[in-house]
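Chains A and B, in that order, are what the protein sequence lines are.
In terms of this note's numbering, the first sequence opens at residue 1 and continues consecutively.
In terms of this note's numbering, the second sequence opens at residue 1001 and continues consecutively.
It is worth saying that the hints were derived from the structure and are not from the lab.
We treat Cβ as the ideally placed atom computed from N, Cα and C, and that holds for glycine.
Keep in mind that the hints are not guaranteed to be accurate.
What the hints assert, rightly or not - With the Cβ distance kept under 7 Å, some of the chain A side facing chain B (calculated, not the full set):
#1 P199
#2 R215
#3 D216
#4 P219
Said to hold, decoys possible - In the DSS-like style, the derived pairs of lysine-lysine whose C-alpha atoms are separated by at most 30 Å in a straight line are:
#5 K85/A x K209/A
#6 K121/A x K209/A
#7 K1121/B x K1087/B
#8 K1176/B x K209/A
#9 K121/A x K1209/B
#10 K1209/B x K176/A
#11 K1087/B x K1176/B
#12 K315/A x K176/A
#13 K176/A x K1176/B
#14 K209/A x K1121/B
#15 K209/A x K1209/B
There are 2 protein chains.
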Amino acid sequence: MLKPFHLSAFLLTVATPLAAQEVLPSWTDSPRKAAIISFVETVTDEDSEDFVRAPERIAVFDNDGTLWSEQPYYIQLAFALDQIKAKAGDHPEWQEQEPFSSVLNDDLEGIAAGGSEALMKLIAETHGDYVPEDFRAEVGQWLHQTNHPDYGQPYADLTFVPMVELLDYLRENDFKTFIVSGGGVEFIRAISEELYGIPPEQVVGSELKLVLEERDGVPAVIRQGEVTFINDHGGKPIGIASHIGRKPIAVFGNSDGDFEMLEWALDGTRPGLGMIVHHDDGERAVAYDRDSLAGRLDRGLDEADAQGWHLISMKDDWRQIFSFQEPTDPAEEPQTAQ
Amino acid sequence: MLKPFHLSAFLLTVATPLAAQEVLPSWTDSPRKAAIISFVETVTDEDSEDFVRAPERIAVFDNDGTLWSEQPYYIQLAFALDQIKAKAGDHPEWQEQEPFSSVLNDDLEGIAAGGSEALMKLIAETHGDYVPEDFRAEVGQWLHQTNHPDYGQPYADLTFVPMVELLDYLRENDFKTFIVSGGGVEFIRAISEELYGIPPEQVVGSELKLVLEERDGVPAVIRQGEVTFINDHGGKPIGIASHIGRKPIAVFGNSDGDFEMLEWALDGTRPGLGMIVHHDDGERAVAYDRDSLAGRLDRGLDEADAQGWHLISMKDDWRQIFSFQEPTDPAEEPQTAQ
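Bound-form chain A, shown alone:
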């Protein structure tokens, strides 16, 4: 009897640290990582009173600032500005027309001064009159071929490694992962499968008008330049109710645009995990919160604690932010209380 006993004790000793290393390796051993693992282990444990059966394990993620970079401005806006510049040769009148002239002069304040009307014009011009599949192909190509001005890396490489790991970890535990973004749904669908393993049908975003019409002799669904739904703030619970049809039990955001979604979904009637990515790392990325134009986090900072939502510190909780950066050495991490 001695031998098997020794063997299993040996295996146990070796196996535990190995397994611990394998889960979420880009996360430091912080209370946030512990909270994620504890939540997942609880809701997947059939003997727990907080067990949640697999079809109800819905996890939703904001995109800009939660899964990838949103500074100095939303990647989708960078795409729109590039498209305007590329088309400007065919539109000499744009030199005198706002918001186009501001775009051509790289005058971001001028664009911002035009407010949402200016933004709608840019979207209509750059996102409308497309078959969705063609639009996605253009977006995909642009994301891979265009470098971010500060990082000097393709926009497609600006995803946050620890969040992509988190998506995988949740799916391994039979969660169904969705993106619920204020960004345009077709822009995100262009790369959601490649970058996040999330298929188009699991992307909820802002919407343009769709019409069915004949193109080249066959029926085609065409996107118009008219915005019909803004999936931000109070729009997010509506987008989820419409597209997913049940409340998520895990919600990840980074800005006050995610507040209503967190508050509505995590209503205390079932187990829930709410997390806000806090951009507090000014060295490996950009630090911003209360005063930022993109990804403003103000109310969420004040209320997260009372709501029971976790603030993820990018500086302390992540060994690596982008794949093109070296991870920090776990041995040099401060020991945090779990």
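Starting from the structure of chain A, add chain B where the hints point.
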């Protein structure tokens, strides 16, 4: 060498008929069953030039008349009429008001005479001002507790056994199955998981306006009585583009309301399977097509052949329609050419 050879030959002999019996057992050995199996075997065969990788194996099903009964009228309408009657005690004015007085007098022609405006009033009265989850609970209860007037069985039992088998068979082959119905999305979500194994997020239907407002001190998404999207005819490709975000490769319908979806999705650029359930069985169910109010099939009958879509004969292709009926004896089936 002889023994293993004999053994495998023996296994082959035994295994083939067994396997053939196991797939779609409620379908007769008709060309339609053969077409389904051939299509599935082709798109799942990595060596085939028509191989389709799993995430793109999207199959969509109409609901009324395709997955369950729609005669003498849509089950959702039966629910609405019952709700009006149940509420009539609180609304004495309905005795004099259309379309309510027609409902209370069981005057279907009177309701129909009111057209879509009358229908909208009934929907607003019976479907609006609900939290979706509460509405679904009411619908689920009603479907289980209310008997169909002709079959004398609960409405929840009026699903077509061969189609439920088909849903399972497709999912076993890594298809993702969706309902794309002209019916109300929340009505179907009430029972899609239980009856069809389809979760709420894979149901696309007609939509009512949703608003986020405070109820009992917490934010709630409330359905209003206003119809914002009709997911029928040309609406189906739009509903699919919005909710699923890619074209299905397998499309199942039964009426001309499915025509545009079949035509748009099965565009010939990829392998595709289009099938129309033809209600030609007047013995076990109701026979109807060109002149029916619910589930009118006219254009589809004329054009199915030229489009390459298969007409499923409920009379000839199905051994069983409803679970409460006895299946026919395979030995007594006519031998059809495959």
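Now the hints, each set against the structure:
1. The restraint placing P199/A at the interface with chain B holds, with a minimum CB-CB distance near 5 Å, inside the 7 Å limit.
2. Proximity of R215/A to chain B is violated relative to the hint, the smallest CB-CB distance being about 11 Å (cut-off 7 Å).
3. Because the smallest distance between the Cβ of D216/A and any Cβ of chain B comes to about 11 Å, over 7 Å, the interface hint for this residue is violated.
4. The interface hint given for P219/A is met, as the beta carbon of that residue sits about 5 Å from the closest beta carbon of chain B, less than 7 Å.
5. Under the criterion of a C-alpha separation no larger than 30 Å, the hint pairing K85/A with K209/A is consistent with the structure, at around 24 Å.
6. With a CA separation close to 14 Å, the supplied pair K121/A and K209/A stays within the 30 Å bound.
7. Of the supplied pair hints, the one linking K1121/B and K1087/B holds, its CA atoms being roughly 14 Å apart against a limit of 30 Å.
8. Restraint check for K1176/B and K209/A: the C-alpha separation of about 26 Å stays at or below 30 Å, so the hint holds.
9. Between K121/A and K1209/B the CA atoms are separated by roughly 26 Å; this keeps the pair inside 30 Å, and the hint holds.
10. Annotation: proposed proximity of K1209/B to K176/A holds, straight-line Cα distance about 26 Å (limit 30 Å).
11. Proximity of K1087/B to K1176/B is assessed by CA-CA distance (about 39 Å); at most 30 Å being required, the pair is judged violated.
12. With a C-alpha separation of about 28 Å, the suggested pair K315/A and K176/A falls inside the 30 Å cut-off, and the hint holds.
13. At most 30 Å may separate the alpha-carbon atoms for a hinted pair to count; K176/A and K1176/B meet this at roughly 13 Å.
14. Using a Cα cut-off of 30 Å, the hinted pair K209/A and K1121/B holds, with the two alpha carbons roughly 26 Å apart.
15. Proximity of K209/A to K1209/B is assessed by CA-CA distance (about 16 Å); at most 30 Å being required, the pair is judged to hold.
In terms of the numbered hints stated before, the structure departs from hints 2, 3 and 11, listed from lowest to highest.
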